[in-house]
Amino acid sequence: MIRVELLRRDNPSRALRLLSPLIGLSLALITGAIMFSLMGKNPAAALYVYFIEPLTEAWSVHELLIKAAPLILMGAGLSICYLSNNWNIGAEGQFIMGALAGSIFPVLFTDFQNPMVLPLMFIFAVAGGALWAGIPALLKARFNTNEILVSLMLVYVAERILDYLVRGPWRNPGGMNFPESVRFHSYARVPEIMPWDGRANLGIVIAILVAIALWFMLSRTLKGFEVKVIGASPRAGRFAGFSSKGMIFFSFLVAGGCAGLAGIIEVAGASAQLRPIISPGYGFTAIIVAFLGRLNPLGAIAAGLILALTYLGGEAAQISLQISDKASRVFQGTLLLYILACDTLIHYRIRFSRKPAAKGIEQAAASSEQQPPAAERAV
Amino acid sequence: MKRRHISAIVRLTHNNAEMFQIPERASSCLDIRQPEKSFKKTSELANPACTADGETTYSFLSNWSKNRRTMQTANPDDLLTLRGLTKSFGSFKANDGVDLSIRPGEIHALLGENGAGKSTFVKMLYGALQPDAGEIFWRGKKVEIPNPAYARELGIGMVFQHFSLFEALTVAENIAVALPPKTSFKKLSTDLETVSREYGLPLKAGSHVYDLSVGQRQRIEIVRCLLQQPDLIIMDEPTSVLTPQEVEELFAVLRKLSSEGKAILYISHKLEEVRVLCERATILRHGKVVGACIPKDETASSIARMMVGSDIHQIRHEPNAAHHGEPLLSVRNLSLPARDTFGTPLREVSLDLYPGQIAGIAGIAGNGQTELFDVISGETLAPSAEDVMLFGQPVGKLGISKRRAIGAVFISEERLGQATVATMPLSENVFLTRHSVNPDLKAGPLLRRGTAKALLDKITTELDVRKSAADPAAQALSGGNLQKFIVGREVLEDPKVIIVNQPTWGVDAGSAARIRQTLIDLAANGAAILVISQDLDELFEIADTMAAIAEGNLSKFESVAKTNRNAIGLKMSGIFAAEGTHP
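Sequence order for the protein chains is A and B. First residue of the first sequence: 1, per my numbering; consecutive thereafter. First residue of the second sequence: 1001, per my numbering; consecutive thereafter.
Looking at chain B on its own, in the form it has when it is part of the complex:
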């Protein structure tokens, strides 16, 4: 009783802390809120050239500090100017003297690896964190942003990467809690449906959040922000759940907003997108600004070098579309009704995994990926045993442990709370999926903790898992390191069938490259691998054959050499009926 209650209460306060900040009429901000639709183009750029070359970066930095000296007051043409923003957590400097300026109507990219300090920076800007030092100028006037409500009042809107939604409330209610209390709920519902339609982000006002997919939840965040009509929109990785076509549509929306004079701070690590969309970019590494550039003038790899500070491991992969031998895993015409009214049913899904091949499934979150993963893993049982064949055995009615014992491994989407127990040390998390597979982990009913610790050491070395202690709790690891641990745990015994759902979601570039290379190497050694991912770049990088899933329909697999992003993008929106894979 105790634990449930408290965790429920705290989860609300914790996730939704921002949401409780109902905006009030803050008189102090009225005087600085003048309509300022026109803006002057200034040629002043912090740094016109950007290379990863250390020397040039140095000259840039000196140039930049010169600018800093001369510009003690903000440029009045800038919508927002930040000077020397610093924030420490204990001895760790998450942001160290960050400078940035945004002009009205500009789409400005903030680039950086996971952990570079982007989130901290943005939280200070949005009033969710207070800087230890530094100044914020809004329309040339110095401001302090004590809370998100005030930020919204100023005209700063934010689309969060991690959702701050009440799961038990409807879409409209979730949006209403962020708005002034006097807002008419009925009007809000129609407004939000209009706005969401207008921007190609269809939402139903009355749907409950707990029924919505990750992708749909993000739409709420975007629409919620747009409804507040902000002058500056902060977007944190907004395209991670969109198809290429939807990304184009979103970009059109962003460009439209930009032409209306609204500035956009676009946070991303997708460099191609930034190159296409953004006028300027500021690059953060280890909490400091290490460069600024005009993305159009750079290549993705030159920007990546600045972000990471060194060359990223280049994935080596030769697509191999020709398969031989018997499939190691087959799914045959598998249909599964939706788990509940808002789940996605699977409709006559068929697939074959051949040794030595990586098959990729693209799709937007909530189109049946989780359902497909669960029915292949055995978390959900198939309607009949023959629906899923593993090494020629019908396993549709076997549970996940038995399927693991036969020789398949499953790497799930949720790192904490599914693939690991957050509060348990890593060595205990080794038991979680290997207890019925590795005979050395048990002596009769007893656990052999020594073996688990030895395995943990092996995983740590083989996948370069960085951890603060010998055997920390799973939640103490960063996303990338935790995912490396999870992948390492599963692939340690050289499995022949590997099913992965979102292998590198929210993982830093270095770890992601490592994980992808590991999968490629396993396939080269004869493993059959299924990668379900929302990241098309990732799939094109590692997959040999590809299909898309849309509303529970799976398209046919085709060689990556014979397809392209647009074709896959169309299939992701469900246009593959002509293939005849479903009636």
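Okay, chain A solo, but in the shape it has when bound:
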């Protein structure tokens, strides 16, 4: 019988650890090329359409920034969650609830038009996203439920609520029965940065500022230290006087707030109204962003831009090569798979063995030689 084991490497290469996301990205590109050629397309042309062409024109760079903003915001927020060992995968739902909470003003109070509207929308959106994220946090802290399941299931709840509102009470009365809200008035729109050049709005600026702020929090403040300590070792966190329950709330509320903000930036930016579907899966893609960015909010900025490119390239490929937009999702999925595989294989090596496996035991024992005794880690 052949066994497969993961053995920890004694000295994982530092260079490889830093390069890991790039290796993952390259492998995903190669896989993408193979996929395109299997679909009968010229892989070089397809990759060009996907990853280069969107960067060659000003308007599409603007579109890229529009798509990157929510990914960066949510990716940075989720990094905090994941670093603290809280697995929030419901950013999509928090995004929707933020968008709904923020849209209360332009949709229900259409006459309330002054410069105060946009800041209020942002505040409500952050609160909406944070409250939605607070549900799995509360259930985890209070009843020890699995936050992965709860946060994921709440995505579908949020989607139904959005669907109900735009088809029902929030439908534009003058909208020919289309399932859409009214268009947001100009005070309720996120201003464009360079209106003469393209549609990109302040969202990308806000996203980058938030990511920098989260990075600063993480690397320079006691709260950030707390996040890392609790994530690395809950027991040490308790001994340090940090509250793991507090951290559940903190990380979920931060990530939820970021997602809510991303939601309102999306609807008050490019689309300017609520529709039954306001996100092409940004909340899930943000999980990839967080990991591609090494759970570092600054890394999330770069990772967000890269994944925004896959959305944009997917749209372009749909038009010019008649490739289904599902290809982008496949590409995103392989990317996450490769990043996680790279991380794993850089830190661990696989051993196939028949029993008795003398060699590997030697390795395992040798590595335990240089590591803290098993009892100290396991007991």
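What the hints contain is simulated information worked out from the structure, not anything from laboratory work. Take the hints with a grain of salt, since some may be wrong.
Keeping only pairs whose Cα atoms sit at most 27 Å apart, straight-line, the calculated DSS-like set for lysine-lysine is [said to hold, decoys possible]:
{"no.": "1", "chain 1": "B", "residue 1": "K1204", "chain 2": "B", "residue 2": "K1186"}
{"no.": "2", "chain 1": "B", "residue 1": "K1467", "chain 2": "A", "residue 2": "K228"}
{"no.": "3", "chain 1": "B", "residue 1": "K1467", "chain 2": "A", "residue 2": "K245"}
Partial chain A-side listing against chain B, Cβ under 10 Å, derived [as the list claims (entries may be wrong)]:
{"no.": "4", "residue": "R220"}
{"no.": "5", "residue": "T221"}
{"no.": "6", "residue": "L222"}
{"no.": "7", "residue": "V229"}
{"no.": "8", "residue": "S233"}
{"no.": "9", "residue": "R238"}
{"no.": "10", "residue": "G241"}
{"no.": "11", "residue": "S243"}
Below, a sample of chain B positions facing chain A; criterion: calculated Cβ distance under 8 Å [what the hints assert, rightly or not]:
{"no.": "12", "residue": "E1379"}
{"no.": "13", "residue": "G1399"}
{"no.": "14", "residue": "S1412"}
{"no.": "15", "residue": "T1420"}
{"no.": "16", "residue": "V1421"}
{"no.": "17", "residue": "T1423"}
{"no.": "18", "residue": "S1427"}
{"no.": "19", "residue": "E1428"}
{"no.": "20", "residue": "L1432"}
{"no.": "21", "residue": "T1433"}
{"no.": "22", "residue": "H1435"}
{"no.": "23", "residue": "S1436"}
{"no.": "24", "residue": "K1442"}
{"no.": "25", "residue": "L1446"}
{"no.": "26", "residue": "A1524"}
{"no.": "27", "residue": "F1540"}
These figures come from a predicted structure and were not determined experimentally. Even for Gly, the Cβ is constructed at its ideal location relative to N, Cα and C.
Take the given structure of chain A and dock chain B to it, following the hints.
Same frame as chain A, now just chain B:
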């Protein structure tokens, strides 16, 4: 998701690598496995005399190499002979030409400081590591031991110091995974309970390992080994979790096994035990055999000198049983229900810590020490605020950070994962317990890393912490150096109340002496110190007053001058009801 899963998988493979080696019928070993119950006494000892004196050691070494030349084949009377065993990790020679022979029925001590190469040596013997050079003879025949399963098949059993147990499995299941698959599980369960009762190591087959204390976990290791009926039993520090009485019982068991012709390789740094128990001793230092002796003919300090290579710092301590002033820390009739069904409840625990005194609490692991430490530190809150008084303030309802801010420090049992975060550099680990105490470490919400690095330097110099880099990750330090760092971090600001749980567990002799002296000096400067320890020698060395904890009951403190090991040992087994400390 990712991190949790992988670490879980790897932890299993890593800790339990040996355990997966299910023994198979290895036909090649059958021919050499002849029953050989009788053994001849030979007068041949590698070295009849042993002193730490350099010259004598030298003459011993030349004598020893002469023996080595003349004995190219193994003595057929020996159960096990090892010749020139060498193992390197990178450029580091963990074992360098180690020779050793064990006769049937002999109790042979392998002595050495932490890091001397004992573990590496034993792993090669048990097939968990392969030697780079050297030969192993088993019953006079040259063998290679590719894996632990084969070692067990030969008849070599091992009781590990660090447990290789699956926490999620029961006691019986943990033992079953090490045995051939066809073994009847039901029979195994009864067998193990019988054996464990017979040897005074009570275990329940159905208990889950995660619920068991460190001491109980070790019992599983011992029983697991005994069940395999080995001819050679390797015991790695087996007494560290036993009371003196239990140690005596264990020794009786070992002597019985020895009289049955089973050899025991006894690894320890407790020299008195070795003197009482072992017929011969081999001493390792820096991976080399530096001496051999008959322990009965030596004193503990002469053996210690050989182990360490120089004189160990002698602890200076005058027990001081008379206390004056108000207690700095008091616990009053504190009862706490068990955390879960398998935890230990605390029952009406009372204690007072006076300035200038070290109070010691002896006890076997899992009798409520951790619970007591946690409730004093504030990791667990007491039922009412007055249950724990610190400097006259009721603190039972305050968290650990607030108690630290009031002026107490806590040195916990687990070095990695509680007292430090393994992967974080030492300077960040300085923040871990001092963030709410030392105002220089923070500027508003911001961390001042410069201050932390300066503190780290100070700790490094004051406690002589040896580290490979300026600011390495906590896990890169040896146990002794990490513990010195932890103690240094806590005592740097001259605390007045110090609570320590197992201050020198698994720490080398030099570091342990340094830590103990630091505690004694702090007490001399007026600190009130509580030391919870399983090491009775340590407590008798540093404590002024002593009590024992058993099943959550704490006995009364008495002056060390008025008590002795046997009295404390009895209390450790829970016999102090006559005192009236509990109903």
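Problem set entry | Violated constraints from the hint list, given by number and in increasing order | 3, 18, 26 and 27
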